[in-house]
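**Student:** Protein chains in written order, with this note's numbering: chain A, 1 to 427; chain B, 1 to 427; chain C, 1 to 427.
Treat the hints with care, as some may be off.
[Stated by the list, open to error] To be clear about the criterion: a stretch of chain B counts as covered by chain C if any three or more of its residues have a C-beta under 8 Å from a C-beta of chain C, and this derived list gives those stretches: (1) 223-234; (2) 255-269; (3) 285-296; (4) 323-334.
[What the hints assert, rightly or not] Label pairs and their computed distance ranges (CB to CB): (5) A:P115 x B:I281: 42 to 52 Å; (6) B:D300 x A:P127: 51 to 61 Å; (7) C:R169 x B:L93: 41 to 51 Å; (8) C:E39 x B:A312: 50 to 60 Å; (9) A:L353 x C:A414: 43 to 53 Å; (10) C:R249 x A:A422: 51 to 61 Å; (11) A:K207 x B:I281: 52 to 62 Å; (12) C:R229 x B:A312: 38 to 48 Å; (13) B:D300 x A:E283: 31 to 41 Å; (14) A:E283 x B:S275: 21 to 31 Å.
In short, the hints are calculated from the structure, not lab data.
Every residue gets a Cβ at the ideal spot worked out from N, C-alpha and C, and that includes glycine.
Each chain, letter by letter, is given below.
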Amino acid sequence: MAPMTAAGERMHELVRRLYPLCRSITGDGVRATLDIVGEYIPLRVHEVPTGTQVLDWTVPQEWNIRDAYIADAAGGRVVDFAESSLHVLGYSLPVSATMPLAELRAHLHTLPDQPSLVPYRTSYYQPDWGFCLSQETLDALPDGEYEVRIDSTLADGHLTYAEHVIPGRVADEVIVSCHVCHPSLANDNLAGIAVAVFLARALAEEKPHYTYRFLFAPGTIGAITWLARNRERVERVRHGLVLACAGDRGELTYKRSRRGDAEIDRVMRHVLGTSERPHRINEFTPYGYDERQFCSPGFDLGVGSLSRTPYAGYPEYHTSGDNPDFVTAEAMADTLAVCREAFAVLDRNRRYLNLSPHGEPQLGRRGLYESLGGRSDAKQAQMAMLWVLSLSDGEHGLLDVAERSGLPFDTVAAAADALHGAGLIKA
Amino acid sequence: MAPMTAAGERMHELVRRLYPLCRSITGDGVRATLDIVGEYIPLRVHEVPTGTQVLDWTVPQEWNIRDAYIADAAGGRVVDFAESSLHVLGYSLPVSATMPLAELRAHLHTLPDQPSLVPYRTSYYQPDWGFCLSQETLDALPDGEYEVRIDSTLADGHLTYAEHVIPGRVADEVIVSCHVCHPSLANDNLAGIAVAVFLARALAEEKPHYTYRFLFAPGTIGAITWLARNRERVERVRHGLVLACAGDRGELTYKRSRRGDAEIDRVMRHVLGTSERPHRINEFTPYGYDERQFCSPGFDLGVGSLSRTPYAGYPEYHTSGDNPDFVTAEAMADTLAVCREAFAVLDRNRRYLNLSPHGEPQLGRRGLYESLGGRSDAKQAQMAMLWVLSLSDGEHGLLDVAERSGLPFDTVAAAADALHGAGLIKA
Amino acid sequence: MAPMTAAGERMHELVRRLYPLCRSITGDGVRATLDIVGEYIPLRVHEVPTGTQVLDWTVPQEWNIRDAYIADAAGGRVVDFAESSLHVLGYSLPVSATMPLAELRAHLHTLPDQPSLVPYRTSYYQPDWGFCLSQETLDALPDGEYEVRIDSTLADGHLTYAEHVIPGRVADEVIVSCHVCHPSLANDNLAGIAVAVFLARALAEEKPHYTYRFLFAPGTIGAITWLARNRERVERVRHGLVLACAGDRGELTYKRSRRGDAEIDRVMRHVLGTSERPHRINEFTPYGYDERQFCSPGFDLGVGSLSRTPYAGYPEYHTSGDNPDFVTAEAMADTLAVCREAFAVLDRNRRYLNLSPHGEPQLGRRGLYESLGGRSDAKQAQMAMLWVLSLSDGEHGLLDVAERSGLPFDTVAAAADALHGAGLIKA
């Protein structure tokens, strides 16, 4: 557990570093986020100009913000962007005005049922401005005139996203995606970013079979932009996983791809099902994170989503309660461990062909079978060899063998290696 | 409930009007029945001559009866056809004789286990004559000579059936069939006839997608005759429903088509399953009503059967206990309501193709999506749009969407209308 | 029960006759076994020379043994092959030596956890010699010098197996296989041999549809040899059953073929499922008896395995506890009865084609249906006819009809015979 715990602590540190930045679907907050991620893993950053047509969408203007506040008559800042990036409605137009509270109220967003928390709100595609604050803060505001200032710009610029690629032995790709557009929210999605970063570092050491592509992009428009600019590459994407809400204390939740029985779905079910972890496996729905885009019917990729408590499933969701204290090193380490286990299975799950399919091959003379017959304790490793031989008919992969035999995947994969080494099966 | 209750009362009135008539598989009783039905909905009546070859069968001679009785030595009628059409064995040959009770007994049918009830018996294809009476009546008959008279004719004539057609926007047909051959039995099948009549009236107001064909025909030989004379039309029958035993107080029972997963089967399961009604869904068996013919393997139509308590499932079945008091206005109104709901789903259940299948289309700029992002309460209507987009791949219809999403069919259909209006999907 | 009990007693007698012989995968013990079997049913015996290449294997040298013992310093035999064939490690090389107990121990096999039982051990493909004895015997041996003698020969010769064929009306074959290589073990597999012998005798009287081939061969190498020498015949094998552990007091266990839903699998499930017998149905695994070879992916035959308690499932397995007292006449009679029932179904399970598939044919005028209509007690035989007509679409066999209708297979088969006799269906 020691290295894992260490990774957990380092992921939590990354979350804390990223937390103050004001991310949105475009702008310098995304760039600053990618700069920090780039300290951990090399990134290729893409800048896509405003107005670029991407599938059914258009890259929007770039939004940047320097300061924002509501000040009372005495000049005291009663709501201050400098304290939390959540305080400003995302994509707020610039404003500089003085107005009575009654008029200001139309631009204030609170959570009456969670009076101490600040909500997260955006208005990307509807020109607007506004502030988010706690109901308690609002209730404490006396009537009167307030100075309102949002020092933002909304202008032609770029949409920013980044890729990190781990080359594999084959060009077929596995995509790991996490959204980088949410401002000061820890579980949604700094924890996902952190797990992705440390997953990439771990995979790089393992010289994987597949090429793994990590995508750090703003939600929806970022995934759509990537899909629009990579129409040929998409054809090589075999499997994928969207990481979101990866750090809270809840149990793990895997959401299946639209296909429902894609290989990643089966792998996650196997890894979660054979672990001791409590977990949930949910059916696909077309709402959620960027699996929505990857699984849209025109692409229909085998992309699922791994979370702990899913979006909107915890009271802190999309509020100031989703802060670094809400996520834990242990939870992120656990999410990372499951990802590593799953990709270890996915990466080794291949179909073999039994080259001696008529009757059993004589394992004994190849040193693959104990020579002293008649004993009733057939060993697991030998059973795994018999199962691999039995099911290696071109229709079944090693995961099929593990599931049908009830043997651990590792044992099955080792048996396949031994049989491959003896020339009894081929990939 | 008021219009429905009114329909229930009118259906019960129709049952009471039809009850006294002596129907059989041919004859004037059928014609009189169709005359009354024709007061409610226009009918096209067909007369098929005796001897016509229909599939493996031959249209039999036409049977008509004017009077029948057993009279005692004093001339008193102890069993009298004028009291109930059940008293005569259906298709009885004419007879006029005097014989001792001992000899007469071979021609008397009773129900020893239900001594107060008169059974319903026929002998269509085996020349015979006979009377049906209660065991109590029989037990009370003293020995002695009895006058036996059946004033019937069995002669070349016609088999009579009728159709009522509601033209749709497409030539594909839905068939609704009910048998009209049973004499004074209310649930079997005057209630089915009544529900069919009022269903036809309701559908006519709705300008349906499909063409709906209502068939009023004698059981078995009538359906076989229709099938034999409509070999080309059968190819256009997409769905169908046989209505029988539609008015008793029991819970609704749907019997699947032979296919088991025909669209009508899925629609009925959905409508009954999402209603609050207790109900049963039974597998197909090749015994029952005219679904037997429509589902015979050479046709194998998607035709199920809707009943309340199925045939032979209630003690009054095929006895004088199945009288107008046995069926209720409420039960028939309920059967009618389910038929209307089911046909509303069936009629709107179409497959669409997502014309923007790569990534999600931007619903917001089309006014289809709330523009203020970040809120966790995704509304049902928006979810329905996302589901329709996700599953409109040419493989799934709106009922699939409703079942997979768990959303009400109406919501899904409305979402499809909105998306269709926005040019995002096509039929 | 009388004939069955008689068969049980005769099977037990055969077990007792075969028990003392020292069988192995080759040698005179197998020949002596086949000589005795040949007294019950005619056999064609095959002798395959040492060195013959059979699939991935080579026929080994032939092993024969005349005497073997361990004698103490006084010349007393403390372990004696003459008492039980289990006392010698199968395929032991000849040895004649005197050595101290400490040195001898490396060649002694015991069961420390079952101290009173002698284990069964072999070393077919690894040159070795050894003795098997009870732990209690070993513990009682004083230190000192022992004379060790195994009077065996391992030399070029033959592998021996036998076939018994019951010709059917078609060349398609059902194979029944049992291994004949185990020495003095009653359940494994003298009971299987005995059930096979009496099953063959019963089938011969029934003039079956299929050709039935009974195979008496040494395990693994025998089945592989047969498969290697019958590559064309294998293509005609439609179904098969391996009989093993067929006589203990446990409940019946059917192990499915690798296909899992082969016809034999469905037949056995039906026969066991509709009987009152407690039983188990196990999924295929590539470990067990010669179903391993028949179901290897290159052949993938529809061959399952019937046992009572499966291999390694009882403490007496592969020990001297598996003696004639461990198996019972009743258990073998029960196994035989299930085999006969299953083959009766298998042999009659054919697909028919309804020649009058449009609507129901008129059964009444063909004398197949009661002519007096209106009665609610549809008889089982008539239901069976309707079911056979309904499902005889070229896709379903009589077992499908029995399973879907819930009617007994015999009733369904009789209905098919009646319909076939009336020209309404064809095979």
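**Student:** Determine for every hint whether it applies to the structure shown.
**Tutor:** How the hints compare with the structure:
1. 223-234: Coverage by chain C holds for the region 223-234 of chain B (4 residues, Cβ < 8 Å).
2. 255-269: Result for this restraint: violated, n = 1.
3. 285-296: Per the Cβ count (7), the hint holds.
4. 323-334: Violated: only 0 residues of the region 323-334 of chain B have a Cβ under 8 Å from chain C.
5. A:P115 x B:I281: 42 to 52 Å: Holds - the Cβ-Cβ distance for P115 (chain A) and I281 (chain B), about 50 Å, lies within 42 to 52 Å.
6. B:D300 x A:P127: 51 to 61 Å: With a Cβ separation near 60 Å, D300 (chain B) and P127 (chain A) satisfy 51 to 61 Å, so the hint holds.
7. C:R169 x B:L93: 41 to 51 Å: Because 49 Å falls inside the window, the suggested range holds.
8. C:E39 x B:A312: 50 to 60 Å: About 59 Å separates the Cβ atoms of E39 (chain C) and A312 (chain B), which means 50 to 60 Å holds.
9. A:L353 x C:A414: 43 to 53 Å: Check passed, 47 Å falls within 43 to 53 Å.
10. C:R249 x A:A422: 51 to 61 Å: Once the Cβ atoms are compared, 42 Å apart, the range 51 to 61 Å for A422 (chain A) and R249 (chain C) is violated.
11. A:K207 x B:I281: 52 to 62 Å: holds, 55 Å
12. C:R229 x B:A312: 38 to 48 Å: This hint is violated: roughly 60 Å between Cβ atoms.
13. B:D300 x A:E283: 31 to 41 Å: holds, 32 Å
14. A:E283 x B:S275: 21 to 31 Å: The hinted range 21 to 31 Å holds for E283 (chain A) and S275 (chain B), with Cβ atoms some 24 Å apart.
In the structure shown, a violation is registered for the earlier hints numbered 2, 4, 10 and 12, in ascending order.
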